Amino acid sequence: MIMKVKVRYFARFRSIVGVREEEFEVPEGIRVKELLDILKERRPELKNEVFAQDEDADVNVSKNGRYVSFDDHLSDGDVVALFPPVSGG
Amino acid sequence: MIMKVKVRYFARFRSIVGVREEEFEVPEGIRVKELLDILKERRPELKNEVFAQDEDADVNVSKNGRYVSFDDHLSDGDVVALFPPVSGG
Amino acid sequence: MKCRLLKDNFNIAEAINSVSSPKVGGIVIFLGKVRNESHGKKVKKLIYEAYEEMAVAEMERIREEAMKKFPIEDILIWHRYGELEIGEDTILIVASGKHRREAFDACRWTIDEVKRRVPVWKKEVTDEGTFWIEGEKQIKIS
Amino acid sequence: MKCRLLKDNFNIAEAINSVSSPKVGGIVIFLGKVRNESHGKKVKKLIYEAYEEMAVAEMERIREEAMKKFPIEDILIWHRYGELEIGEDTILIVASGKHRREAFDACRWTIDEVKRRVPVWKKEVTDEGTFWIEGEKQIKIS
Chain E
124 MIMKVKVRYF
134 ARFRSIVGVR
144 EEEFEVPEGI
154 RVKELLDILK
164 ERRPELKNEV
174 FAQDEDADVN
184 VSKNGRYVSF
194 DDHLSDGDVV
204 ALFPPVSGG
Chain X
124 MIMKVKVRYF
134 ARFRSIVGVR
144 EEEFEVPEGI
154 RVKELLDILK
164 ERRPELKNEV
174 FAQDEDADVN
184 VSKNGRYVSF
194 DDHLSDGDVV
204 ALFPPVSGG
Chain G
2 MKCRLLKDNF
12 NIAEAINSVS
22 SPKVGGIVIF
32 LGKVRNESHG
42 KKVKKLIYEA
52 YEEMAVAEME
62 RIREEAMKKF
72 PIEDILIWHR
82 YGELEIGEDT
92 ILIVASGKHR
102 REAFDACRWT
112 IDEVKRRVPV
122 WKKEVTDEGT
132 FWIEGEKQIK
142 IS
Chain V
2 MKCRLLKDNF
12 NIAEAINSVS
22 SPKVGGIVIF
32 LGKVRNESHG
42 KKVKKLIYEA
52 YEEMAVAEME
62 RIREEAMKKF
72 PIEDILIWHR
82 YGELEIGEDT
92 ILIVASGKHR
102 REAFDACRWT
112 IDEVKRRVPV
122 WKKEVTDEGT
132 FWIEGEKQIK
142 IS
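Protein chains in written order, with this note's numbering: chain E, 124 to 212; chain X, 124 to 212; chain G, 2 to 143; chain V, 2 to 143.
One or more hints might be untrue.
Stated by the list, open to error - Each computed DSS-like pair below joins lysine-lysine, with the alpha-carbon atoms no more than 27 Å apart: (1) K186(X) - K116(V); (2) K24(V) - K138(G); (3) K24(G) - K46(V); (4) K46(G) - K116(G); (5) K45(V) - K8(V); (6) K24(V) - K24(G); (7) K99(V) - K42(V); (8) K69(G) - K186(E); (9) K186(E) - K3(G).
Treat the hints as calculated values from the structure; they're not laboratory data.
Since this is a predicted model, take the numbers as computed values, not measurements.
Please put together the full structure from these sequences, using the hints given.
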């Protein structure tokens, strides 16, 4: 079974990808880290910048506006955002 | 030799004494603590309230607008103020 | 609204008012400003980009955590976005308490959390080019 | 004037402005208010009495010490006197720094010193009578 998730990019990641948001069809119930693996293939330009996936990873991931762990499962219609370390204040 | 010093009272001490300021003639060059001894005699109503003179003394003394130690010497024309622990802010 | 992302200048009097009550004895405010220097470079201006919905939601989560963590009466978090000149206000945190101790603690904790968690990014336009700021890092754009 | 004893309301915007400069990245403000409760009693209003010349001089000494002790850009201390109703402002301390850390430290240190040293005394009018406040003690007047 297939589900749809939206992926949003912010700040420098948006400049790298060149789009604000895109929709992907992915296998139902996958985890965040599996989505990231899919993105690595479809968005090779992000590979070095974003997807270190270790403790030092300079990438933040949110699901529906909330920080999420890489082990979290996704559902149809979820909005996943990828962004660099923040610098507000 | 004799010199003149002004003594000012603030807050509760002023209510006890009933005056804002009074002038005393005292021996030249005396220390703050000697002035306090003189005040004990001339203002017995202050004796229990003000002049404990130990570390826990609930009296503050300033000379010419600056906190002063009981061992400090006084000069002619000095203004000495006596007041309780402060409570601003 | 106790958590806001806004383009206009802060109305600080309004902010203070909105966390005040007869129970309040002390208010501690943190006000961030755009300063003329960063990482040794002369800053000309800042541009803040935000993930707006999440930024407000995250500020609300931080606010609720602060209200639980400290015995304060209220706390407010406002953050500006868009283009800001030197000297302009960037962030406003106002914490009110019966006593000053908890207001200081809550205000300080909250600004640290905002800087760590709220999805807002700073682009610095300096005399040596334009940079993205990512946490402590500075990454050249142009 | 960076140290003031004043009867009127604070102009907080003016205060912030007077410690701001292009070098300033963070401002921390402490604002004291008259609250409706003290030592378990319901407060109706406060009356502040001051040894005016010394109070201003002592605030200036505290300000200079703060400027030496912390790497801040500037700091201001304003204190009100006279009769104040619940909710009214009592004291305003505004510290500005390149970074927030020193502004927080200086603001907090300064309010503690003011409360310990500046010759100002609070008379509390409560529903159980009027009291002088001396440090932590409450002494009944009437």
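Each hint, compared with the structure:
no.: 1; hint: K186(X) - K116(V); verdict: holds (20 Å)
no.: 2; hint: K24(V) - K138(G); verdict: holds (21 Å)
no.: 3; hint: K24(G) - K46(V); verdict: holds (13 Å)
no.: 4; hint: K46(G) - K116(G); verdict: holds (19 Å)
no.: 5; hint: K45(V) - K8(V); verdict: holds (19 Å)
no.: 6; hint: K24(V) - K24(G); verdict: violated (36 Å)
no.: 7; hint: K99(V) - K42(V); verdict: violated (42 Å)
no.: 8; hint: K69(G) - K186(E); verdict: holds (25 Å)
no.: 9; hint: K186(E) - K3(G); verdict: holds (24 Å)
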